[in-house]
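**Q** Spelled out from the first residue to the last, the chains are:
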Amino acid sequence: MGQEVAFYTLAALILGFGVLVVTARNTVHSILFLVADFLCIAALYVLQGAPFLAVIQVVVYAGGIVVLYLFVVMLVNLKRPPEAHRDRRRRGRLGVVCALVVLVEMVAITAYKYVSPTAGLPPVTTMGPNNVALVGAALYQDYLVPFELASMLLLVAMVGAIVLARREL
Amino acid sequence: MTPITPVHYMVLSAGLFVLGIIGVMFRRNIIVILMSIELMLNAVNINLVAFSNMWQNAVGQVFVIFVVCVAAAEAAVGLGIILAFYRNKETVNIDEMSLMRW
Amino acid sequence: MEPDVARQMFDTDELVINMGPQHPATHGVLRVVLKLDGEKVVDADVVIGYLHRGVEKLSENRDFTQIVLLTDRLDYVASAAANLAYVETVEKLLSLEVPRRAKYLRTILAELQRLASHLVWLGSHAMDIGAVTVFLYCLRERELILDLFEEFCGARLTYNSMRIGGLPQDLPPGWDRKALQFCDIQIEKLAEYETLLTHNRIWLERTRNIGVISAADAVAVGLCGPPLRGSGVARDVRKDEPYAAYAEMEFDVPVGTRGDTYDRYLVRLEEMRQSVRIIRQAIGGLPEGPVMGKVPRLIKPPAGETYHANESPKGELGFFIASDGKSTSPYRLRVRPPSFCNLQALPRLVRGHLVADVIALIGTIDIVLGEVDR
Amino acid sequence: MIDLLVIPLIKIVIVLTGVLITVMYLVLLERKVQAWVQVRLGPMRVGPHGVLQPIADVLKLFIKEDVTPVRADKFVFTLAPIIVLVPAIIAFAVIPFGSTVSIFGKPVPLYVADINVGLLYVVAVASIGVYGIILAGWSSNSKYPLLGGLRSSAQLISYELAVTLTFVSVILASGSLSMVDIVTAQRANGVWFAFVQPVSLFVYFVGGLAETNRAPFDLPEAEQELVAGFHTEYSGMRFALFFLAEYANMIVVSAVATTLFFGGWLAPFPTVPFLRVLGYVPGWMWFVVKTFLVLYVFLWIRATLPRYRYDQLMRLGWKILIPLAIANVIVTAVVKVALSY
Chain E
1 MGQEVAFYTL AALILGFGVL VVTARNTVHS ILFLVADFLC IAALYVLQGA
51 PFLAVIQVVV YAGGIVVLYL FVVMLVNLKR PPEAHRDRRR RGRLGVVCAL
101 VVLVEMVAIT AYKYVSPTAG LPPVTTMGPN NVALVGAALY QDYLVPFELA
151 SMLLLVAMVG AIVLARREL
Chain X
1 MTPITPVHYM VLSAGLFVLG IIGVMFRRNI IVILMSIELM LNAVNINLVA
51 FSNMWQNAVG QVFVIFVVCV AAAEAAVGLG IILAFYRNKE TVNIDEMSLM
101 RW
Chain G
1 MEPDVARQMF DTDELVINMG PQHPATHGVL RVVLKLDGEK VVDADVVIGY
51 LHRGVEKLSE NRDFTQIVLL TDRLDYVASA AANLAYVETV EKLLSLEVPR
101 RAKYLRTILA ELQRLASHLV WLGSHAMDIG AVTVFLYCLR ERELILDLFE
151 EFCGARLTYN SMRIGGLPQD LPPGWDRKAL QFCDIQIEKL AEYETLLTHN
201 RIWLERTRNI GVISAADAVA VGLCGPPLRG SGVARDVRKD EPYAAYAEME
251 FDVPVGTRGD TYDRYLVRLE EMRQSVRIIR QAIGGLPEGP VMGKVPRLIK
301 PPAGETYHAN ESPKGELGFF IASDGKSTSP YRLRVRPPSF CNLQALPRLV
351 RGHLVADVIA LIGTIDIVLG EVDR
Chain D
1 MIDLLVIPLI KIVIVLTGVL ITVMYLVLLE RKVQAWVQVR LGPMRVGPHG
51 VLQPIADVLK LFIKEDVTPV RADKFVFTLA PIIVLVPAII AFAVIPFGST
101 VSIFGKPVPL YVADINVGLL YVVAVASIGV YGIILAGWSS NSKYPLLGGL
151 RSSAQLISYE LAVTLTFVSV ILASGSLSMV DIVTAQRANG VWFAFVQPVS
201 LFVYFVGGLA ETNRAPFDLP EAEQELVAGF HTEYSGMRFA LFFLAEYANM
251 IVVSAVATTL FFGGWLAPFP TVPFLRVLGY VPGWMWFVVK TFLVLYVFLW
301 IRATLPRYRY DQLMRLGWKI LIPLAIANVI VTAVVKVALS Y
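Chains as they are written, first to last, in this note's numbering: chain E, 1 to 169; chain X, 1 to 102; chain G, 1 to 374; chain D, 1 to 341.
You can trust all of the hints, since none of them are fake.
Computed footprint of chain D on chain G; a stretch qualifies when at least three of its residues, placed anywhere within it, have a C-beta under 8 Å from a C-beta of chain D:
#1 120-130
#2 136-143
#3 195-208
#4 350-357
For the chain D half of the interface with chain E, some residues (derived, Cβ under 8 Å), not all of them:
#5 115
#6 117
#7 123
#8 138
#9 177
No farther apart than 25 Å at their CA atoms in a straight line, the calculated lysine-lysine pairs in the DSS-like style are these:
#10 D:319 / G:40
#11 G:57 / G:326
#12 X:89 / D:143
#13 G:92 / G:239
#14 G:326 / G:300
#15 D:106 / D:11
#16 G:92 / G:300
#17 G:92 / G:57
#18 G:35 / D:143
#19 D:143 / G:40
#20 D:143 / D:74
#21 D:64 / D:74
What the hints contain is simulated information worked out from the structure, not anything from laboratory work. Every value quoted in this text rests on a predicted model; they were computed, and no experiment measured them. We put the beta carbon where it would ideally sit given N, CA and C, even for glycine.
Produce the complete structure using the sequences and hints provided.
**A** So this is what it looks like as structure tokens:
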């Protein structure tokens, strides 16, 4: 019971904040809603038994990436609204169509899965509530090479960002 | 109330993903577009965690960590480009970013 | 926020910031217009005059004796030094002979005043850089000096402590013993300030190589007093053109080597030690006799002009007085204030430094706006 | 039901009131300690030796006019102090004030929650506070707060890295992310981590000073070029929230230091026979005493040191503390692996 209530509340919050992120006129407000959205998603991770990810979500996404967005928005202060364009709806229509297609497709897939449930397969392993050690083991043993690649990616991104953001390009 | 199954999470994730798509398509402000991409990445993450929970396998969570890594890299480079662009053109409107050189 | 304000702040354009005249860290009503490139100061424009009271003009309508009062209000944290410079100038104009005891007492008062002024300087300089405790410690010792002055002349800030020809009165009984006691305390407490600052890494980082000015530049800009000596020029009016009883005193003139804020700090601290040394000598060798020379009832100097300078705590404080020989007021009186001359160096000192250093640099040249604006 | 809802609720209420009262009196303590160091008396008028001063301060802040600048973003302007305060307070949820005690025959653990990623939770919560500072600066619509906000947040983010890295070496030493387990690991090892991880403690403490904007890193409070930093435009109750958050953060930093490095609720000298008597003092009292000792060091440092310049502060963070913390992590890991063989 508690879990259902929590899920539906969080789902409503996630989608609601998502709508606000996309529609907010002020970019700073948009970012604020994005943070709220990420916090709700972190809560959802807790609900799904992934507390480590929840914390990562808050630390990296809310505490790192979105702060970066906020900094950039403050550096990029505009004289005129960036939305001004002659043909406002040109790509908007396309977007709605695209989104609708994706939505229909996804609903179809999920509905199909729903009527022919494949769930009930035995779990591969059993993860207790304390699965940080499991995640760590998987990350550093089975996926060591991707992990190193990811760190290289971050290094490259860091160097790239510094070079790009320097005053003299 | 029906118990929460992975399907619930998938529907939620699909909804969030679609919101991201709408954001990318509708908005002109490139910062908001990047943020919409973050929303889509998070939709994917929700799915991954749901599956990880369903199969009781930690690999899903490991992938989320990689996705977060990629998102961080993307944000850093993307925002660096925006800053560099803004310095030259004083705009973040994506429609005006059509030239290959300036 | 206004977009163009934002662009000024973040782009390479210069940003103009007004510091003062109402600003907690500008020691009165100084206004500095800073041109910034990001955090870096490109140029500084010092705007003065907010405390102008027309002391020089006022003097033309006062008796020579009344002007002593006005000199109190020049450098209000070191009024005895200004009193001394003024009365000596008038004495020079009148060719008056001052009793030896008065000369000694003037030396003691001037050195006590130097200590008090340097204490205020050290306290506010340290507070600007964030060391609040030093400020309160300094004021604690300054309080003792003010007590000494109060006992001598009844006032704690604007002393009016000198008269043309001597001093208003002799020392109260026991004063010299108290002054010696104070000297002991002061020497001990100087070590206390030094433990808080001299070898403190943060203090070193905030003052080393900040506001460096070479000896040649310092002379060219017209620096005087401790800032000049901090750059390595051993110019001290007390040594070079001795007045009062300084010719009979033994003391060193400390000089710096690098000419940065830290050197100026060290120079002033050493000067405080030397002041204590002078006070001890003067009290030890205090001659007996009157404290007031033979002064005509009506002070009416012969026609002529004269300039006389003292080493005030801030630097070379000079008075130029022109007399027409007919009136009991100066025909023209001009003050050469050390703060004003030292303030000229501020733009040169701050250029290339960060905004936070401007505060440290205003502190290091030790200005009093009463003297700058007159 | 009682275990699930009532007891946690009671604990939350107790912790919340405790934190707020401690903050009030921490301000008084700070003023008193500063005054004693500086040969003054500090507040003396309200109540004997000023003990009622905090109440007067709070009343004053309540009554004061709450000004919102005309062109400020009102929504964000109101939200910012809340965003700063909430993380500072909810961080207390995972701090173990003591081990389990029995009240009316019922075992009650003296912490709100022992989650298995407790330490990371503290990091996560702390990283949210940055938003309040940036947004406060931005929404004031004035250039001093904006610059101050950007500076403070850059400062917080830089030092957060160093602090988090020190956590890594503590985690290596204890083998757990849970705050309770870290304390019990110190009991099992028979030594506080302050002695095992002195470098960590140093980096953590310096980083903690910087993260709470305390001297010598109190640039936002410097009355220099940025006036009062990000909260220049705030007044009245909303200013009080920033103030509250700063002191609550100080307590969090001290409490985490106590837990990680000074053995939490453990009594000192458990092996010295004639000091056994110390073990009879309740654990939570040891915790409070240790936390206040750490807090005292905060106040002491403020009264002693001058202030860093902004660029020096960043240099210290990035070029000294972070490499030091990384080196410490590596050394700890190597030693741990070597010891296990």
